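S.K.: Chain by chain, the residues run as shown.
There are 4 protein chains.
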Amino acid sequence: MYFASDNTGPAHPAVMQALQDANSGYQPSYGADTLMEEVRAQLRDIFEAPEAAVYLVATGTAANVLALATLTRPWETIFCAPRAHIQMDECNAPEFYCGGAKLTLVGQEDKITPAALERAITGWVKGDVHTSQRGPLSLTQATEWGQLYSVDEISALCAVAHAHDCPVHMDGARFGNAVAALGCTPAELTWRAGVDALSFGGTKNGCLGVEAVIFFDPRHAWEFELRRKRGAHLFSKHRYLSAQMKGYLADGLWLQTAAAANTAGAKLADGMRGLPDCRILNEVEVNMIFATLPRATHQRLHAAGAAYSLHDGPLDEGPADAPLTARFVCDWSCDEGMIARFLDIARG
Amino acid sequence: MYFASDNTGPAHPAVMQALQDANSGYQPSYGADTLMEEVRAQLRDIFEAPEAAVYLVATGTAANVLALATLTRPWETIFCAPRAHIQMDECNAPEFYCGGAKLTLVGQEDKITPAALERAITGWVKGDVHTSQRGPLSLTQATEWGQLYSVDEISALCAVAHAHDCPVHMDGARFGNAVAALGCTPAELTWRAGVDALSFGGTKNGCLGVEAVIFFDPRHAWEFELRRKRGAHLFSKHRYLSAQMKGYLADGLWLQTAAAANTAGAKLADGMRGLPDCRILNEVEVNMIFATLPRATHQRLHAAGAAYSLHDGPLDEGPADAPLTARFVCDWSCDEGMIARFLDIARG
Amino acid sequence: MYFASDNTGPAHPAVMQALQDANSGYQPSYGADTLMEEVRAQLRDIFEAPEAAVYLVATGTAANVLALATLTRPWETIFCAPRAHIQMDECNAPEFYCGGAKLTLVGQEDKITPAALERAITGWVKGDVHTSQRGPLSLTQATEWGQLYSVDEISALCAVAHAHDCPVHMDGARFGNAVAALGCTPAELTWRAGVDALSFGGTKNGCLGVEAVIFFDPRHAWEFELRRKRGAHLFSKHRYLSAQMKGYLADGLWLQTAAAANTAGAKLADGMRGLPDCRILNEVEVNMIFATLPRATHQRLHAAGAAYSLHDGPLDEGPADAPLTARFVCDWSCDEGMIARFLDIARG
Amino acid sequence: MYFASDNTGPAHPAVMQALQDANSGYQPSYGADTLMEEVRAQLRDIFEAPEAAVYLVATGTAANVLALATLTRPWETIFCAPRAHIQMDECNAPEFYCGGAKLTLVGQEDKITPAALERAITGWVKGDVHTSQRGPLSLTQATEWGQLYSVDEISALCAVAHAHDCPVHMDGARFGNAVAALGCTPAELTWRAGVDALSFGGTKNGCLGVEAVIFFDPRHAWEFELRRKRGAHLFSKHRYLSAQMKGYLADGLWLQTAAAANTAGAKLADGMRGLPDCRILNEVEVNMIFATLPRATHQRLHAAGAAYSLHDGPLDEGPADAPLTARFVCDWSCDEGMIARFLDIARG
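Protein chains in written order, with the numbering used here: chain R, -15 to 332; chain X, -15 to 332; chain Y, -15 to 332; chain S, -15 to 332.
Since the hints were derived computationally from the structure, they do not count as laboratory data.
Keep in mind it's a predicted model, so treat the numbers as computed, not measured.
Hints may contain errors.
For chains that are exact copies, the list does not tell them apart, and a pair is met inside one copy or across any two.
[What the hints assert, rightly or not] In silico lysine to aspartate or glutamate, EDC-like type, Cα no more than 20 Å apart, as pairs: (1) 95 <-> 201; (2) 251 <-> 319; (3) 110 <-> 207; (4) 95 <-> 137; (5) 95 <-> 136; (6) 110 <-> 261; (7) 251 <-> 261; (8) 110 <-> 73; (9) 251 <-> 305; (10) 110 <-> 209; (11) 251 <-> 267; (12) 110 <-> 149; (13) 110 <-> 21; (14) 110 <-> 296; (15) 95 <-> 73; (16) 95 <-> 269; (17) 95 <-> 267; (18) 110 <-> 320; (19) 251 <-> 320.
Please model the entire structure based on the sequences and the hints provided.
M.R.: In structure tokens:
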């Protein structure tokens, strides 16, 4: 019963096979492998963006901070949600990579609204040498709270940003989940709506460790390559990043694994809605559920070995019926049996 | 005929198998996987260092710069050889990770001598606020020119560094090759000789992409963990780094692959010594040969598809007998047939 | 009628005289001047802190960011008020000097409360490698909104910070105004209450450009010296910083100029309270008044050459009776005639 | 007998007077003072550069590193002489301000030659993502060894740099001394020869603490302003920087003080040439003399209170006739009596 994160499960067999297939003979290093040519073509095709600059790195944080650093000058501020991964979970990596740039938190909600963005941007006076200068907007799709921006919402946000000459980055660690849930095209969800750079996640969705960074305007290409190398994120045996991504993209696997994770999330949520004293706190749009369960339920689940993030505490002490908040994430490998077992135990 | 680098060949089947074995079920992320426990024990055992702090990253540059950053304050200077990887091949990554530290080049040779080190360190006046402050020594073992420091040489260099309160880092991207060639123990070559931190290479010697960083004094552990995270080098699905390293260390595989590469290097060198107009420029101690061959020979080899680094040029124009310098590297997978074919073509 | 800032007026004649007095003969450079010895003794005496490390720089931002950088590791977050100078007016200098540290805004008010501080600090999970780590608290005394922390308030805030192992910095660009208004001793307002490092302002209060940085624990001394030099803030002809500070401290001048500015502020506020349609927005505790006046009043004042910061706008267009917010600051040189004239014109 | 540095003497009375003159009434802060307008016009006039962007900072290191940071990307390397101030005397400030850029030392001499520069630049392979990228050339005029580049030499060096798309910075902490000695115009020595940015020194040559940064191409203006602010080098009471520079430039004072220092240097050198066992090591072109004197002579001079930098040692122990190297610098205030007394004592 593994709901701790979509990074605690195994890689998809097809990705493992692609890795195995890549493991013979000679390949030039540092991104000059022939597999990378294929990956570049795949991603340009999927995004209907034949000029896009496409790169691979091994971690989602690397994708985010290298993309952002390319779009940000050190005296600028990045606009993001208070709960954004770049704000909460990257140990100042964005500030480090951007040479000391600032993060300005927009609003107090999980999702950024155009009005809040407008207020945040205009909160910094344009052309005043004393203040942080206005830099990029970073959106997370799906958000850390498992919510989705619609194509229209993204368009509206990009319009606000661009009206102030701010570029737009999208943290798409769960981009596949978003596309699978929204049923739109990758292009609609990104450059057609105004997104300038995308962190396209693979790791959480069936890979071992690979993320793509896509700049829809290729003028950023060389600077990104230098930043990736300087950040120590350029792989010598790059073929093993390429192979993962190739296997992940082939035959739409990335959308199938994302859809599977979303479906599992929906099933788990459905089941939880039937649990006594369970309150689901978010709208379950992808593979993440935030919910309260009574302490006693958590105790039973933990005793049975269920793995998930308990946000409240303590687990061991206090009233048995006290509601404690937790996060549950389903990955592509989450099967019905596991969900059924979890619900059984939760029911008590 | 692949002699371009030891990062252009495949991973060892045993490492691939370890990866496959790791790919089932749940594993906590970010280094809390059970495999990492095993790897930590393996490395502490191999290095006879039961207290050592042991971490994994995916690139050699990451290992070097994160280790160095942990040992360096931003106003200090790192002492290294003019041809060190950190100086020549990391696009200012050391300066970036160390917050703007300086590199001071020691001597003009491939290997650093104690006398040159003493001169370099004392070239910066201790306690003078105006100058760079004295920071760590970084040694490369084996060097970029394929040379080895003996245990005594390392001890002598560490003694000079420590006498000036400078810690010592060793870039061991080819540490396996060094141990295999010198026939000493890993402990003798590192902490017993005075080395404080080691980048222990896996990638060039049979892995897909994994390097260990070992601090023999564990007080650096938490700072390193923060630096690794902040550098975006902490893997979520960390099990796949652990698995590689576990397979690489099991049953002494790392020493076997290194010995195989060294043996191939020696065989290739032997063969090249018999070539007309070939001059080998370095002492072939591990798996790297620097040599001049006549332009015509290079042309024949290139036409036949041989891959290696040609340092001089141009290949296509000029006297046929002009000696052009090149680098040849053998990895663990380099077989006798490949060497024989190369020599055949070189002979003309 | 100059109320734009306390940095738009002249330096005090006694400070100018001290500068003149210092301008003869030889003085060792870079802080080894004999005047600096006197300044160090003066400040240790004033603060009853015979061991304190005392340094001079030329700008308030330099004092703040060098002091903070000495107390902060790059992966940490500084806690400050949303309107703090380090957040709003230093163009990412704190982030730059701290190697990419983050600023966490505490509460939504001008002054930080212990409860808000506790929430902010515990908002970052201790020992979690993924998040920003807990770093120093930075208090501004007097605040950007012209408010004061009492000795008890500072003690309570320092207690919260220290309970979480967070050091405390005080931005005292207007420290003199605070001491003059509160009637306590400098020691009571700083180290006795728990403050670890102070930016002690001179520039706004009668000097040309000099600020002291005081560490009550001298173990930070050498690191600060290196950071000051590396930041390009170590003056070669340091005697001219020392001389200013010496003249500023001699015979309690710094308290007299601060008291004069506070008195002027109180008089201006008193007068403004009698103006029709004037609303004073802050409690006038030192030399700063935030107030709304009708647009027509602003227009008259501007036409007459009054200088002050108009926060709302536009000045020229809109209803004559619309209330527009402005900031008025009195410096030590602000005389009664100037205030009277301003009020006359405001009255219309 | 003060020959320690040109930063150990007093400021020129005319500069002090300008400071005094500036000290009345209101002036907008942060560089918007009316005096700055005058200074900008003065410098554009002196340099025959009506479009130049002109800024003031308080230290020579700030001028150098802010100018260089504006011309350098973090992955680039700056080319400079091994003895350059930016390499030897700025405690990694260039690396800090340039975000971790590298310094490549050109040749082994005090002055850079075109051939050595060509070798140094081409030593970094263009377009190779692994290496430092080629960045600006920084020349020091006059050099740290008191030598001068002729206009032709500067032109030749700039031609090499520009042929490789490298911009050129000149560290002119002693620019006045150079112009006074060479008898050319400021324009000839800078932009006409190809210099892109100049640190124009005031501090060493009669001011209290002010340096100009001049970009001959004004497109760098706004970035420089942001960098100056972010570096905490923007003065609030900026009028006092402007006033110094205004007084320094008025009526050619800067050239008179420089000429006076050069003349004093020449006189001291002449006298020293007549001393027994004195060997002058550099060509005395400006105000700096490097020479060996017997230990006994140094002992007599020190006993008599002479101040200068002794590079060898120890002073107190060893053969009386052992030659010890020292540096002697004359500033604008160095009078004949002081020189005569020094020579008297040196003669014994």
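S.K.: Could you run down the list of hints and mark each one as holding or not?
M.R.: So, going through the hints one by one against the coordinates:
Proximity of residue 95 to residue 201 under the C-alpha cut-off of 20 Å is found in neither arrangement, the shortest distances being 26 Å within a copy and 44 Å between copies. Proximity of residue 251 to residue 319 under the C-alpha cut-off of 20 Å is restricted to the intra-copy arrangement: shortest distance 10 Å within a copy versus 54 Å between copies. Taking the closest pair of Cα atoms, residue 110 and residue 207 come within 20 Å of each other only across two copies (14 Å); inside a single copy the shortest separation is 26 Å, beyond that limit. Within a single copy, residue 95 and residue 137 get their C-alpha atoms as close as 10 Å, which meets the 20 Å cut-off; across copies the closest is 36 Å, which misses it.
Taking the shortest Cα distances, residue 95 and residue 136 sit within 20 Å of each other inside one copy (14 Å), while across copies they are farther apart (40 Å). In this assembly of identical chains, the alpha carbons of residue 110 and residue 261 never lie at most 20 Å apart, being 51 Å within a copy and 31 Å across copies at closest. In the homo-oligomer, the alpha carbons of residue 251 and residue 261 lie at most 20 Å apart inside one protomer (18 Å), although the nearest pairing across protomers, at 63 Å, exceeds that limit. Only between protomers do residue 110 and residue 73 lie at most 20 Å apart by alpha-carbon distance; the minimum there is 13 Å, versus 29 Å within a single protomer.
In this assembly of identical chains, residue 251 and residue 305 lie within 20 Å of each other by CA distance neither inside one copy nor across copies; the values are 25 Å within and 61 Å between. Only between protomers do residue 110 and residue 209 lie at most 20 Å apart by alpha-carbon distance; the minimum there is 14 Å, versus 30 Å within a single protomer. Only within a single protomer do residue 251 and residue 267 lie at most 20 Å apart by alpha-carbon distance; the minimum there is 13 Å, versus 57 Å between protomers. Taking identical chains as interchangeable, the C-alpha atoms of residue 110 and residue 149 lie at most 20 Å apart only when both belong to the same chain, with a minimum of 11 Å there against 32 Å between chains.
Proximity of residue 110 and residue 21 under a CA criterion of 20 Å is satisfied in neither setting, with 42 Å inside one chain copy and 23 Å between copies. Within a single copy, residue 110 and residue 296 get their C-alpha atoms only as close as 42 Å, which misses the 20 Å cut-off; across copies the closest is 15 Å, which meets it. For a Cα distance limit of 20 Å, the shortest separation of residue 95 from residue 73 inside one copy, 17 Å, qualifies, whereas the shortest one across copies, 28 Å, does not. For the homomeric pair residue 95 and residue 269, the shortest alpha-carbon distance inside one copy (13 Å) is at most 20 Å, but the shortest distance between copies (40 Å) is not.
For a Cα distance limit of 20 Å, the shortest separation of residue 95 from residue 267 inside one copy, 12 Å, qualifies, whereas the shortest one across copies, 37 Å, does not. Taking the shortest Cα distances, residue 110 and residue 320 never come within 20 Å of each other, neither inside one copy (54 Å) nor across copies (36 Å). In this assembly of identical chains, residue 251 and residue 320 lie within 20 Å of each other by CA distance solely inside one copy; the values are 8 Å within and 58 Å between copies.
Taken one by one, the earlier hints fail for this structure at numbers 1, 6, 9, 13, 18, listed in ascending order.
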